[in-house]
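Peer 1: Order-wise, the sequence lines are chains A and B. Here the first sequence stands for residues 1 to 110, where the numbers follow the working numbering. Here the second sequence stands for residues 1 to 114, where the numbers follow the working numbering.
What the hints contain is simulated information worked out from the structure, not anything from laboratory work. Ideal Cβ positions, reconstructed from N, Cα and C, are used throughout, including at glycine. A couple of the hints might just be wrong.
Claimed, not checked - In silico BS3-like cross-links for lysine-lysine, where the CA-CA straight-line distance does not exceed 27 Å:
#1 LYS13(B) with LYS2(A)
#2 LYS57(B) with LYS13(B)
#3 LYS42(A) with LYS57(B)
#4 LYS109(A) with LYS2(A)
#5 LYS42(A) with LYS13(B)
Claimed, not checked - Just a few of them, taken from the derived set where beta-carbon distance is under 8 Å, the chain B residues facing chain A:
#6 GLU52
#7 GLY58
#8 PHE60
#9 PRO61
#10 LEU103
#11 GLY106
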Amino acid sequence: QKEVEQNSGPLSVPEGAIASLNCTYSDRVSQSFFWYRQYSGKSPELIMSIYSNGDKEDGRFTAQLNKASQYVSLLIRDSQPSDSATYLCAVNRENNDMRFGAGTRLTVKP
Amino acid sequence: KAGVTQTPRYLIKTRGQQVTLSCSPISGHRSVSWYQQTPGQGLQFLFEYFSETQRNKGNFPGRFSGRQFSNSRSEMNVSTLELGDSALYLCASSLAPGRNGELFFGEGSRLTVL
């Protein structure tokens with residue numbers, strides 16, 4: 001079992017729709033959770049962090065965390081073509097090394 | 001505020017050679033982490049440095065090493081290069097190590113081993 005697993009994708013949604021990205025992790029002692037966006041040929045950039053159970057909203061982005069289910073998700077509302085990228089789920093383990101999922105490629109079609 | 005700077009951006013080496021990559025973190029950031037990114041394995045953690053000390057190391061062979069200087073700049077070295085070392089090497093900085101994990105990545109150094 002991989003430490004951080006994401007939907008393999010690719011995920012395609014029409015412009016204006018909600019894109020839902022999911023992630024599960026295996027290490028129960030993980031403390032902090034992140035979503036990074038990586039455009040093709042670019043480096044990852046942090047878009048959301050979440051540390052406690054529940055929802056965290058930032059503009060069109062909402063991160064959801066359920067530690068009991070070891071599940072993290074990212075919702076992108078009113079998806080735009082500029083949101084087309086690979087989204088990486090990252091989990092910071094207790095021993096302070098970050099583990100990344102393989103990423104989900106999102107395409108938003110105009 | 002300048003971002004994370006990595007040099008060189010691109011390099012080509014042959015098997016058996018060694019390579020040194022450099023990373024200058026964001027001003028004021030004292031923690032530097034290194035990652036290897038390949039299409040097959042994704043982003044994999046190499047090591048993390050804080051205050052010139054390696055605090056954590058991923059599951060890579062001893063051919064991969066690094067260090068951090070007093071000004072927080074970091075270098076990583078790969079010796080006896082293998083074809084499988086071809087990858088994008090990313091450096092990330094953060095204010096301090098800890099569970100926050102808010103990393104800021106450089107543009108990366110793309111290494112090709114022939």
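Peer 1: Which numbered hints does this structure break?
Peer 2: 1, 4, 6, 8, 9
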